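Read top to bottom, the protein sequences are chains A and B.
What the first sequence shows, in the numbering used here, is residues 1 to 245, in sequence order.
What the second sequence shows, in the numbering used here, is residues 1 to 168, in sequence order.
Treat each hint with caution, since some may be false.
Unchecked claim - Only pairs whose alpha carbons sit at most 25 Å apart, straight line, appear in this in silico SDA-like list of lysine to any residue:
(1) A/LYS14 <-> B/PRO157
(2) A/LYS41 <-> B/ALA81
(3) A/LYS41 <-> A/GLU81
(4) A/LYS41 <-> B/VAL135
(5) A/LYS41 <-> B/TYR127
(6) A/LYS41 <-> B/ASP151
(7) A/LYS41 <-> A/VAL57
(8) A/LYS148 <-> A/GLY21
(9) A/LYS14 <-> A/HIS158
(10) A/LYS41 <-> A/GLU67
(11) A/LYS14 <-> A/LYS148
(12) A/LYS148 <-> A/GLU42
(13) A/LYS41 <-> B/THR164
(14) A/LYS41 <-> B/LEU128
(15) A/LYS148 <-> B/THR164
(16) A/LYS148 <-> B/VAL139
(17) A/LYS41 <-> B/LEU22
(18) A/LYS41 <-> B/THR112
(19) A/LYS41 <-> B/ARG116
(20) A/LYS148 <-> A/LEU135
(21) A/LYS14 <-> A/GLU67
(22) A/LYS41 <-> B/SER38
(23) A/LYS14 <-> B/GLY80
(24) A/LYS41 <-> B/THR131
(25) A/LYS41 <-> A/GLY21
(26) A/LYS41 <-> B/PRO32
(27) A/LYS148 <-> B/ARG167
(28) A/LYS41 <-> B/PRO129
(29) A/LYS14 <-> B/ALA134
(30) A/LYS148 <-> A/LEU190
(31) A/LYS14 <-> A/GLY225
(32) A/LYS14 <-> A/HIS115
(33) A/LYS148 <-> A/LYS41
(34) A/LYS148 <-> A/ARG95
(35) A/LYS41 <-> B/GLY137
(36) A/LYS148 <-> A/HIS115
(37) A/LYS148 <-> A/LEU43
(38) A/LYS148 <-> A/GLY92
Derived by calculation from the structure, the hints in this document are not laboratory data.
Model, not experiment: these values are computed from the prediction.
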Amino acid sequence: MTTSQHEISDEIAKIQADSPGGAPLLDFAPYRSTALRHPTKELQLVDPEGAELLAPVFGHSDVAAVEADLTLQRGGEPIGERIRVHGRVLDGDGRPVRRQLVEIWQANAAGRYSHQGDQHPAPLDPNFHGVGRCLTDDDGWYSFTSIKPGPYPWRNHHNAWRPAHIHFSLFGTDFTQRLITQMYFPGDQLLALDPIAQSITDPAALSRLIATYDHGQSEHEWLLGYRWDIVLTGSHATYLEPSDD
Amino acid sequence: MTEAISGATPGQTVGPFFHHALAYPGDAELVPFGAAGSVVLHGYVHDGAGDPVPDAMIEIRQSDAAGVVPRVGGSLRRRGAGFTGWGRCCTDGAGHYWFSTVEPGLPFFAVTVFARGLLDRLFTRIYLPGTDNAVDGLVASREDDGRLRFDLHLQGPSETTFLTFPRT
Numbered sequence: 001m002t003t004s005q006h007e008i009s010d011e012i013a014k015i016q017a018d019s020p021g022g023a024p025l026l027d028f029a030p031y032r033s034t035a036l037r038h039p040t041k042e043l044q045l046v047d048p049e050g051a052e053l054l055a056p057v058f059g060h061s062d063v064a065a066v067e068a069d070l071t072l073q074r075g076g077e078p079i080g081e082r083i084r085v086h087g088r089v090l091d092g093d094g095r096p097v098r099r100q101l102v103e104i105w106q107a108n109a110a111g112r113y114s115h116q117g118d119q120h121p122a123p124l125d126p127n128f129h130g131v132g133r134c135l136t137d138d139d140g141w142y143s144f145t146s147i148k149p150g151p152y153p154w155r156n157h158h159n160a161w162r163p164a165h166i167h168f169s170l171f172g173t174d175f176t177q178r179l180i181t182q183m184y185f186p187g188d189q190l191l192a193l194d195p196i197a198q199s200i201t202d203p204a205a206l207s208r209l210i211a212t213y214d215h216g217q218s219e220h221e222w223l224l225g226y227r228w229d230i231v232l233t234g235s236h237a238t239y240l241e242p243s244d245d
Numbered sequence: 001m002t003e004a005i006s007g008a009t010p011g012q013t014v015g016p017f018f019h020h021a022l023a024y025p026g027d028a029e030l031v032p033f034g035a036a037g038s039v040v041l042h043g044y045v046h047d048g049a050g051d052p053v054p055d056a057m058i059e060i061r062q063s064d065a066a067g068v069v070p071r072v073g074g075s076l077r078r079r080g081a082g083f084t085g086w087g088r089c090c091t092d093g094a095g096h097y098w099f100s101t102v103e104p105g106l107p108f109f110a111v112t113v114f115a116r117g118l119l120d121r122l123f124t125r126i127y128l129p130g131t132d133n134a135v136d137g138l139v140a141s142r143e144d145d146g147r148l149r150f151d152l153h154l155q156g157p158s159e160t161t162f163l164t165f166p167r168t
């Protein structure tokens, strides 16, 4: 018998009462696919060395400006609610992460990915691939124009639905700051039911994945704006400072 | 200028549908396959039952052969670019990943692992064979044909040692 949403929500509530945490729990049974894919040994603490101290570098030869507009990549206008998502990428000390790569991908307005593995019977949009890239500017700002993604069903349990989200891939100045995460939309009733979002058991930490509506970015008769800032873990820049000269 | 920071943005799983977004031509070829002085680093990603993980993504960061960690662009459009010291490979249906690269002068490849069912990225290292002071269990083996082999086990009796760093 497949598990119901009620049972999954009960499991989530029990775990959250015991272990409020800011990072997602890797061992989080309500998200069934974690069962055989989470490490059971404690992570080993090491000081970063060599290549770990330097993130890869990307430049304008890597990314074309047009890649930041997901509505322009095919022949015509994609279907859906046109949006802009913008914000800043900061390191753990509040410094902007400058000229660094941001990659995003998402489902279309009907909740389907332009990926062969996604067989959800919702329409593909021939004018929407759902993949974007940009570089942050000198103050750490990024901006994408896109279509609001739809929620979609998945097979974690019976009647399971992912809240609408955009996947974000980020780099800092150190390799150790690497982050892949998901941005959610404000007011989404599916967030409370979602085992992936709820694996972040501290509500304040989960709130950092939810964009805010930003009317100042909305454009008259054109699109709706959202603001989402991203804070990476601290950099280890001080480790690079020579100690003896 | 700094601002008040309330805490780091949490990670989330890469999910199942990332290949069309994150894979790109030449992503795993830090140097062209078969180039003079190149080496293949490869292995399989396994879950706790020993089954392959066909929807994982591995990234590596490394120095060049002389021990210099490059700080140059060009990883996404490699043609005409120099050695960037960074690459990405999505595992195939057998859970296999591979990179064409050079042996780093600094003795390990820094590695990040992403997968469906893995709620946050994992870090590890892959040391060159014969490295002194390597973290236990994180040394690649040299195959007869010269390739470097390192399998990743997310869980199970051979579970890979994954790393964390101060301030992460």
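Hint by hint, work out which the structure violates, then give me just those numbers in ascending order.
Hint check: 1, 2, 3, 7, 8, 10, 11, 12, 15, 16, 17, 21, 22, 23, 26, 27, 29, 31, 32, 33, 34, 37 and 38 fail, others pass.
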